[in-house]
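K.L.:
Sequence order for the protein chains is A and B. Take the first sequence: its position 25, counted from the start at 1, is 25 in the working numbering, and no numbers get skipped. The working numbering runs 1000 ahead of the 1-based position in the second sequence.
What the hints contain is simulated information worked out from the structure, not anything from laboratory work. This one's a predicted model, so the numbers in the text were calculated from it and none came from an experiment. Among the hints, erroneous ones may be present.
[Claimed, not checked] Pairs of lysine-lysine residues, derived as PhoX-like cross-links and limited to a Cα-Cα distance of at most 25 Å, are as follows:
no., chain 1, residue 1, chain 2, residue 2
1, A, Lys138, B, Lys1042
2, A, Lys42, A, Lys17
3, A, Lys31, A, Lys12
4, A, Lys12, B, Lys1138
5, B, Lys1042, B, Lys1031
6, A, Lys17, A, Lys31
2 protein chains.
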Amino acid sequence: MKRNAPARDPGKHDHRKCVHTALSTAEAVCKARGEKLTPVRKRVLELVWASHRPVGAYALLDSLRADGRSAAPPTVYRALEFLLALGLVHRVESLNAYLGCAHPASDHAAQFLICRQCGTAAELEESDIATAIDRHAKRAGFAVERRTVEAMGLCAACQTA
Amino acid sequence: MKRNAPARDPGKHDHRKCVHTALSTAEAVCKARGEKLTPVRKRVLELVWASHRPVGAYALLDSLRADGRSAAPPTVYRALEFLLALGLVHRVESLNAYLGCAHPASDHAAQFLICRQCGTAAELEESDIATAIDRHAKRAGFAVERRTVEAMGLCAACQTA
DNA sequence: GCGGCATCGGTTATAGTATAACAATACCAT
DNA sequence: ATGGTATTGTTATACTATAACCGATGCCGC
Ligand SMILES: [Zn+2]
Ligand SMILES: [Zn+2]
Ligand SMILES: [Zn+2]
Ligand SMILES: [Zn+2]
């Protein structure tokens, strides 16, 4: 699938700020948890934040190599594993791709709205969606630990276009 | 991950009936839609229904080969594509695996409760979960077309054990 | 019957995603 | 400096999915 549209809110948003905020927050989260945001990890996080579109692991790998760095699949998967564990990135199951977390630090249930046209993914954090799932699960005697909620469709920009 | 527990409701449920119902319904759906449930397609559906656990495409492939049939990945992926299109099976995104649909024929929003211990997946069909997602999506101007809702955790049986 | 057309499955090859296992290095604390 | 631990490098391989081409079969109209 080709993606051709802007990352998000064309013009209305200073993406450098998104990246800067994400990296700063990551530093803080790591410090708070006694973990190290090494150069590889930081660079992978920065690459994930290059857009508001989920990125595949091998695209990240190509970018690392374009940096001139020596890298193989484990390099990027290990960095992703680290970032996932700290809640700094999410994995989008339906795309086998990774996305910077828009609300890190909090232990949150995330949901995604993924545009099939432009590839942009917006993150929601609506507790009532999680609650609705948990309620029906409980009725079935099921104890929920993790939820994957991903909606595919068209974003506002792509509907008008 | 090893799976060691019974498929579902150990003892309480006649699984042959599940399979029989699924195959009968499939025949009916195909007839109604003017599609053909060929031997390969029927066998793949039967194999998907061999348990209430999502099955990987290559496990299905191995089973086809165990039948003595000549088969390669496209064989099973084509059958799955057909069955998915008719709503007779679902794909579980977080497992890259396939599961027989418990409520075929209706055009429904499906949600899954997947036990990380025994691998069993139960299918829900709760419109209020879909509604909650759609409501928040609409607020964001997003038009939902497909929803992926998968909860991971422990089923009732595995909690007591 | 025959030629065209469409559907289905077989076959080979390849693309895309992810992890195992072990070696080398960097880092920190004694 | 020495040893221990965490991180990264490296190679190999497993797992998931699709592309492309071909042959067989069946249907339809002539
Ligand atoms: Zn941005
Ligand atoms: Zn869009
Ligand atoms: Zn059953
Ligand atoms: Zn279970």
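K.L.:
Would you mind marking each hint as holding or not holding in the structure?
P.N.:
Against the structure, the hints come out as follows:
Between the alpha carbons of lysine 138 of chain A and lysine 1042 of chain B the distance comes to roughly 34 Å, so the proposed pair goes past 25 Å and is violated. Using a Cα cut-off of 25 Å, the hinted pair lysine 42 of chain A and lysine 17 of chain A holds, with the two alpha carbons roughly 16 Å apart. Between lysine 31 of chain A and lysine 12 of chain A the alpha-carbon distance is near 32 Å, which puts this suggested pair outside the 25 Å criterion. Our distance criterion of 25 Å between C-alpha atoms is met by lysine 12 of chain A and lysine 1138 of chain B, whose separation comes to about 20 Å.
Restraint check for lysine 1042 of chain B and lysine 1031 of chain B: the C-alpha separation of about 13 Å stays at or below 25 Å, so the hint holds. Under the criterion of a C-alpha separation no larger than 25 Å, the hint pairing lysine 17 of chain A with lysine 31 of chain A is consistent with the structure, at around 21 Å.
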